[in-house]
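A.B. asks: Take a look at the letters that make up each chain.
Number of protein chains: 2
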Amino acid sequence: MKKTFLFLPILLLLVCPVISGQNCSSHPLGEYCEMTDNKPHDSAEVWDKLKQPVQFSWGSTDIRYHKLNVPKMNKQSFWQTKGWKGERVNAQAVIWTNKEIEAPTIRVSDLRSGSAIIPSSAVSLNFVRYVMTDELSKDGTTGCGHRPDPAQWDSSLVADILDILPLPVIEARSTRPVWMNVWIPQDARPGKYKGTLTLSGKNIPDMSLPFEILVLNRTLPAPSDWVFHLDLWQHPYSVARYYEVPLWSEAHFDAMRPIMKRLADAGQKIITTTIMHKPWNGQTYDHFDSMIFRMKKLDGNWEYDYTIFDKWVEFMMYEIGIDKQINCYTLIPWALSFDYYDQATNRIQFVEAKPGDDAYDDYWGSFLKDFAKHLRQKGWFDKTTITMDERGLEAMTAAIKVIRDAEPAFKISSAGYYHEEIQHELYELCLAYGHSFPEDVREERREAGKISTVYTCCSEPYPNTFTFSPPAEAAWIGWHTMAGDYDGYLRWAYNSWTKDPLRDTRFHTWAAGDCYLVYPGNRSSIRFERLIEGIQDFEKIRILKEEFQRKGNQSQLQKLNQIVSQFMPDNFSKEHTEKMIKEARVLLNSY
Amino acid sequence: MKKTFLFLPILLLLVCPVISGQNCSSHPLGEYCEMTDNKPHDSAEVWDKLKQPVQFSWGSTDIRYHKLNVPKMNKQSFWQTKGWKGERVNAQAVIWTNKEIEAPTIRVSDLRSGSAIIPSSAVSLNFVRYVMTDELSKDGTTGCGHRPDPAQWDSSLVADILDILPLPVIEARSTRPVWMNVWIPQDARPGKYKGTLTLSGKNIPDMSLPFEILVLNRTLPAPSDWVFHLDLWQHPYSVARYYEVPLWSEAHFDAMRPIMKRLADAGQKIITTTIMHKPWNGQTYDHFDSMIFRMKKLDGNWEYDYTIFDKWVEFMMYEIGIDKQINCYTLIPWALSFDYYDQATNRIQFVEAKPGDDAYDDYWGSFLKDFAKHLRQKGWFDKTTITMDERGLEAMTAAIKVIRDAEPAFKISSAGYYHEEIQHELYELCLAYGHSFPEDVREERREAGKISTVYTCCSEPYPNTFTFSPPAEAAWIGWHTMAGDYDGYLRWAYNSWTKDPLRDTRFHTWAAGDCYLVYPGNRSSIRFERLIEGIQDFEKIRILKEEFQRKGNQSQLQKLNQIVSQFMPDNFSKEHTEKMIKEARVLLNSY
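Residue numbers (the numbering used here), protein chains in the order written: chain A, 1 to 591; chain B, 1 to 591.
Worth flagging that the hints you see were computed from the coordinates, not collected in a lab. Just so you know, these numbers come straight off a predicted model, no measurement behind them.
Remember, identical chains collapse to one label, so a pair may be satisfied in a single copy or spanning two.
Simulated crosslink set (DSS-like; lysine-lysine; CA at most 30 angstroms straight-line):
#1 Lys278 to Lys297
#2 Lys499 to Lys296
#3 Lys369 to Lys297
#4 Lys192 to Lys75
#5 Lys574 to Lys39
#6 Lys311 to Lys499
#7 Lys297 to Lys261
#8 Lys499 to Lys297
One chain only, chain A, in its complex shape:
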């Protein structure tokens, strides 16, 4: 959805059992209802004190506005920002009202700077939707750990989803934010562009908020050219389940196309593939399955079929444009049990074996040889890595031996702790947040063309991208990636959707929102947009630093390095995140 909202056909409204005719069925893709907010909130008396029944103001992208409270803010009728050509800039406006607004719509004008125009089609507008979240562990130190009983956790509705559809109504005595994203065209003429955001409704007069974007004379490359090595794991199985389409059917690819395109637009570099059944022991709501068919023939030989693997990789590479790297999970799964179709029993069987065992060697050694051959035929061998994550040194060492025995040239990647003994074997090594490469190793890896990245998961209370995390923490990650001298960032879940992901981000094993950054129906989130901001910041810093180095501008280089260097774990402060980023960006946009 771009500028204007369509009115929904009456037909859709008829099936909606709950609030305002919204769709409360399972697996909604279009219109849907939110869960009920049961927390104490502003009373009717508080709401009725509004001087005007409908309020419309610019807000802050750092804030998740409460649905049923009157926002504590000074109304702002004007917003301005700066941006590079090719950059996406975000703003948030807020509507709050003590009367129901019928058929609300938001529209934006073209942005004009003299005769230059940034067309309104470059602007995305989304009503922000509310979704159920929970909280960190009771001691506030982590988002990990099982949480089977939701009643034991403080749950609340938070603003996160950027909806793609209009709302039938904005309810009386509620707040409804609007997210605005302007993707400044790369060929925009630098200058000050003015535009207007307008709220309309059937029963209200139009209300408008002007804004201004100063387009600087610097260019951010297209996301595919970003250097930032972004790896958010894709979960195709989750999409098939939620969209209720057959796996790997045309309908499945149709469903994935916009979702994966959105990921490519964030600068994703890696295709997530699974080469065995349940690499993570089925820990997500939908388990990952094997994209490769293995048959153990009656004579003991193995036969492989790569139809699914090829179809998925070709889709991601040639249709979506994510084409730098193929990561294959995994040689050391979280349960050491390996599936195959057994010709004798005509059934799926499992080998239980650990690296070092003969059975492990037979299962993987034979496969890796065949796989290498297949990858070379497809021209993908050099892009492919055999991937392991969060496994111990002993198992890693044994698995690496099996890989090397089968095919010495295979690239290997791993996410986890740093092990001096094997780091040289790893083409990509992704360290847990808070862990650093020894400086000489970092340099050596860079020179060898190896990738050195960082990841966060449920472990970190902050910075994180839980649905209750302050939005600025998502942007902080890009700055930290630069500060820690990492090549990029990994997060284990782009779209490992939970049972009812559009309404409830809670999951029985980790803090809410851990499992996905985007929502079904190709809906982005505040978290995801802010994460992209940080990645853009990384790219802008990189470009500036290269320029300063090229021009020998040491003072600017030092100034920039100094401000970047603050974005390290020891320096992280929940209270200062937003301010740190704001101030750093002032410098970044001053060149």
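Based on the hints, put chain B in the right spot on chain A.
C.D. replies: Using the frame of chain A, we list chain B on its own:
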């Protein structure tokens, strides 16, 4: 085992925890222990009244001698019988003793008739072993019906297994029958052959029982040439489980070879194959699985692999010599759920569909076309039938349509009730015991070369082959097959072994012994040997009738027909079975 027993190595004895050092481990193939007989039995006082401590006498093959009772019998020191060349004749001797016999062995002399010899190698000798059985339903009308709690059924040890190994001891105050089977060579010179059966033991003097076989000048063909259409379903999966060998491995075929050879020697005509997962919804202890691999490709097409099917059929046909017919189970399984490997999900999936549904048509139609092609390539098409059992008319009609649409020439077979509407479609039609073909239909089927047979299962309280059934009932079946003008007989279970089949024939769904006629370790049973007797009788009657017809000997034909015609359900009497067979055989052996 033929004439002599080997003494067991000491080593084996060391591992035996129970009686007399016998092996009470699970899955025994060699020596093993019997279950304990907890029924009231003759006391020590009764046993101690024996005039001689060790008794050895000819007994009757109609009797399952009690293990812990003194046999109620007049001692018989001589046994004689008549037989055709090529016929197998059975005798039973009985040992009972009030002192332990150490290392007992049984041996037989060569049988001599003047200068002619039937070598002792033509004689099988087996100690009869005791196995746990139960009883008919409480009202005595059936062997069907669930029996989950063994405690609610009257269980007892019965003599049935013909062991292949010597016993370490015969316990004090116990009875131990010996089964003798003489397979008269087809080239034996007619005449009266004399032989001696001898019991030896470490602590007893040799005891001998003479016997005499009058070999008549008539020849029974080799079993492969018998006309009797015998169909005892084979269960290869059960063998693999019990023998603890990988399915379809060389070890598996090695295990099956003597078991299936024994079946061929009974005149078996049909190879049992399963073309889908669990044709009978896994009702046996081991479920039957699909011998055919089906993959649903991503493009919706089907791919098939016949490796297992071919290997099994080739084994049975070319190694074992059972080569008349291949029955394929089934198009209408007992649960309408059909397995296939789904390329998209990389998992086994099931189609739930009934005959008449599009999904059923897609699953089977495509397969049957491909299967027909494959069978023609193998030269097996004309021997193969698509088989359904105990299904209703409506489903049968719909399934037949699917078969005919795919391949009009496919042979179809069915076991169940008679349906006028579809009988003409059925190459083989096997009717439940007590059901008859209309006379004109029987004649029409005969002329068309179609097979018309009869079956028994758990339904019949008698005649049957439960482990508690009187042995003569097994022989009665062959006579009934002739009396009812059937081409042969079907029983659903040659070797659907239960959990611990050598010790316990009970099963949670049917009366004990319903699931198998032979025992692991290639052990025959009293039931199986008596069943073969009846089949031999059928063949002998057939040959005599053909001769009488050829020679126009109406009076003998009538006499024979008259005695045969008594073997019909209405005439069956538990009390007279043995006498009926004895008297009929006197006639049969009078020509």
